[in-house]
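Visitor: Chain by chain, the residues run as shown.
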Amino acid sequence: MIEQFLVNLGTGLKIAFQPDSLLFVLIGGAWGILGGALPGISATVTMTLLLPFTYGMRPEQALMMLAASYTGSAFGGAIPAVLIRTPGIPSALLTVVEGHQLHLQGRSGKAIGMALIGGSVGQWISIIAMMVFVIPLSEIGVKFSHPEIFALMVLGLTACASLTGKSVIKGLMAATFGVALGTIGSDPISGIPRFNFELREMAFGLEIIPVVIGMLALSEVLRASRQVVPWRATTGKFSAALPTWSEIRGCTRAILIASGLGFVVGALPGAGGSPAAFVSYQEAKRWSKHPEKFGKGSIEGVAAVETANNAVIGGELVPTLGLGVPGSVTTAVLLAALIIHGIEPGPMLLRRNPELVFSLFAGLMTAVFFVLVMGLLTIRPSIYITTLSRPAVLAVTTVLVTVGTYSLNWQVFDILVAWVFGVVGYFMYTYGFSPASAVLGVVLGSLLESNLRRGLGLSYGDPLVFLSRPATAIILLVAVFSAVYPLVADRLAKRRTPATAVEREVPEELSVRARH
Amino acid sequence: MDKRADLAIAVFLLGLSAFYFYTARQVPFRTQLVEPLGPGGVPQLLAVLLGLGATALIVKRMARWRSEPGWLVEPEGESDDPGHPVSLVRVALVSALILVYVLSLPQLGFGVSTPIFMAAALFAWGVRDWRQLVGVSLSTTVLVYLLFAFVLKVRFPEAVLLEALLRR
Chain A
10 MIEQFLVNLG TGLKIAFQPD SLLFVLIGGA WGILGGALPG ISATVTMTLL LPFTYGMRPE
70 QALMMLAASY TGSAFGGAIP AVLIRTPGIP SALLTVVEGH QLHLQGRSGK AIGMALIGGS
130 VGQWISIIAM MVFVIPLSEI GVKFSHPEIF ALMVLGLTAC ASLTGKSVIK GLMAATFGVA
190 LGTIGSDPIS GIPRFNFELR EMAFGLEIIP VVIGMLALSE VLRASRQVVP WRATTGKFSA
250 ALPTWSEIRG CTRAILIASG LGFVVGALPG AGGSPAAFVS YQEAKRWSKH PEKFGKGSIE
310 GVAAVETANN AVIGGELVPT LGLGVPGSVT TAVLLAALII HGIEPGPMLL RRNPELVFSL
370 FAGLMTAVFF VLVMGLLTIR PSIYITTLSR PAVLAVTTVL VTVGTYSLNW QVFDILVAWV
430 FGVVGYFMYT YGFSPASAVL GVVLGSLLES NLRRGLGLSY GDPLVFLSRP ATAIILLVAV
490 FSAVYPLVAD RLAKRRTPAT AVEREVPEEL SVRARH
Chain B
3 MDKRADLAIA VFLLGLSAFY FYTARQVPFR TQLVEPLGPG GVPQLLAVLL GLGATALIVK
63 RMARWRSEPG WLVEPEGESD DPGHPVSLVR VALVSALILV YVLSLPQLGF GVSTPIFMAA
123 ALFAWGVRDW RQLVGVSLST TVLVYLLFAF VLKVRFPEAV LLEALLRR
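Here the protein sequences line up with chains A and B, keeping their order. If you number the first sequence the way our numbering does, the last residue is 525 and the count never jumps. If you number the second sequence the way our numbering does, the last residue is 170 and the count never jumps.
Chain A extracted, bound-state conformation (with noise of 0.2 Å):
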């Protein structure tokens, strides 16, 4: 077993390592730092619109290069939260707490560094631990039938479905929409169309690109468009001045801290970056030898929080690589890229594309010290991103949508197909109904749906079957565990009295959207 990992690591070295991959996970590592630093265009938005120039890569090249913007948008979010007070990524926002006032005492430099260096270590020892379980969690699922693959898939789109969005149930009639758009086609087991309507275009199903592409950027374009909002001016005094190592030997501890926790919470589907912040920025604080700093520009809080914000990329692909099911929505963005590429995602992607997920590791370790070197470049420049135009941005923004949609498959038809998900996912954005959860359910629909019919199969049509295997019957529990949970604590909630002591440090202006 040790032999076959070292071989499958070697290959997965050596295709990273081959100069267009490298390149490619450059690439994607500055598109991920623009992406990032951009206020209003999230991780998960800056991934997608790289979506469509990925179709005519090699798949590994492809995931290398979308973890890599992955990457840097985690990095990238701390500029602005940072320099304008606004967080470029949701899970950023504790970094605009401690970072704007590192800012206004003049220490920009020492926050932005804490949050590459904090990042960066993050990173590497999450990819390290999602090296370490993948394999195991990837052989425990390779033992799983079609009952248990449909049970994680119903896991994946619950678990993230209520945790996206103020309503439960909207998301999860978002996610079940979703999964309805993925029987639009030909019929996955028989191959018979459905709801083609006649049209040529459609004989094979709608292509995901185009409808995630409307749904995640389009969307946001849109409703972006519902208010002219300058980003905020930047105030204080600029230093690029780094971290020395004695401010960073001081984070060690918190550091060491958000990282596990980082990875654990990103584990989890549907957690996501947000909490794995919030949780290690308390504990942080309460391990900190200077707890009162905190709140008035601790550096060690912001080491704490990035340093969860990036850790929770290795937890994220835990689930997502050695089961098929997504860790969060911009992971589900790497499963449709495998779906693009003729790769289904599930428990036996490592053992059939062991270069692939050897290759992803490979790519994310190297994306992570490209990103560290132009996130130092970066630092002295990064002042002029408050002088970018907001308007400007959506522009280009629509124009990228529009061109690389096209060149899918050189078709109006697909960019129009964008464009009526982007009005559509506008609408579910205003009333509260998650985009996010609607592209869950069209990358995991048309698996859900075989699974499903397969498992019954097996059963001669008995749907016992889903409840009288163990596996199947647990990871359902979960599942319905994770729709109802949202609801109970909802309720409980508004009965306690309001603002944990986090909250109160959270200033009421700030405003975060549980944006993917």
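Calculated directly from the structure, the hints in this document are not laboratory data. Check each hint, because a few of them may be wrong.
[Unchecked claim] Here are the simulated lysine-lysine pairs, BS3-like style, with alpha carbons at most 27 Å apart: (1) A/K175 / B/K155; (2) A/K246 / A/K302; (3) A/K175 / B/K62.
Starting from the structure of chain A, add chain B where the hints point.
Guide: What follows is chain B alone, placed relative to chain A:
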């Protein structure tokens, strides 16, 4: 959020789920393959789930109708930034501009449609400085074309109408 709009959307979704169910019934339930559920089974199940969800939303909204004064309630979707007016006209305008841009691409080509779209969209988003309108539009068009046509080897739509006009 306007609770009337929220209710209307829930009713629309109930209607959509009914339509989906009806259309799913047209799909053959059985095929030559031995399989309990068939191609029409899962869509019908999904339609029922969507219908149940829509019904729950309608019941929930109606139950709270009287207890929530006025038409506006706490938004369940994305919150707007306080202190800045919301313009649905701008959303509709930008959406229409994007549609026109997409439809004009195969007729006028990337080089003509894109700068026109960008200038119009920037104007809709509040940019009034003509240098920014012209500069951003043209520079983006050129840079995107160079990057995608020559580096990424992406094929652009042919300007059918423009070419026909130029041939005359």
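Visitor: All hints are to be evaluated individually against the structure, with a verdict given for each.
Guide: For each hint, the structure was consulted:
1. Between A/K175 and B/K155 the alpha-carbon distance is near 43 Å, which puts this suggested pair outside the 27 Å criterion.
2. Restraint check for A/K246 and A/K302: satisfied, since their Cα atoms lie roughly 20 Å apart, inside the 27 Å limit.
3. Of the pairs offered as hints, the one joining A/K175 and B/K62 holds, with about 14 Å between alpha carbons and a cut-off of 27 Å not exceeded.
Taken one by one, the earlier hints fail for this structure only at number 1.
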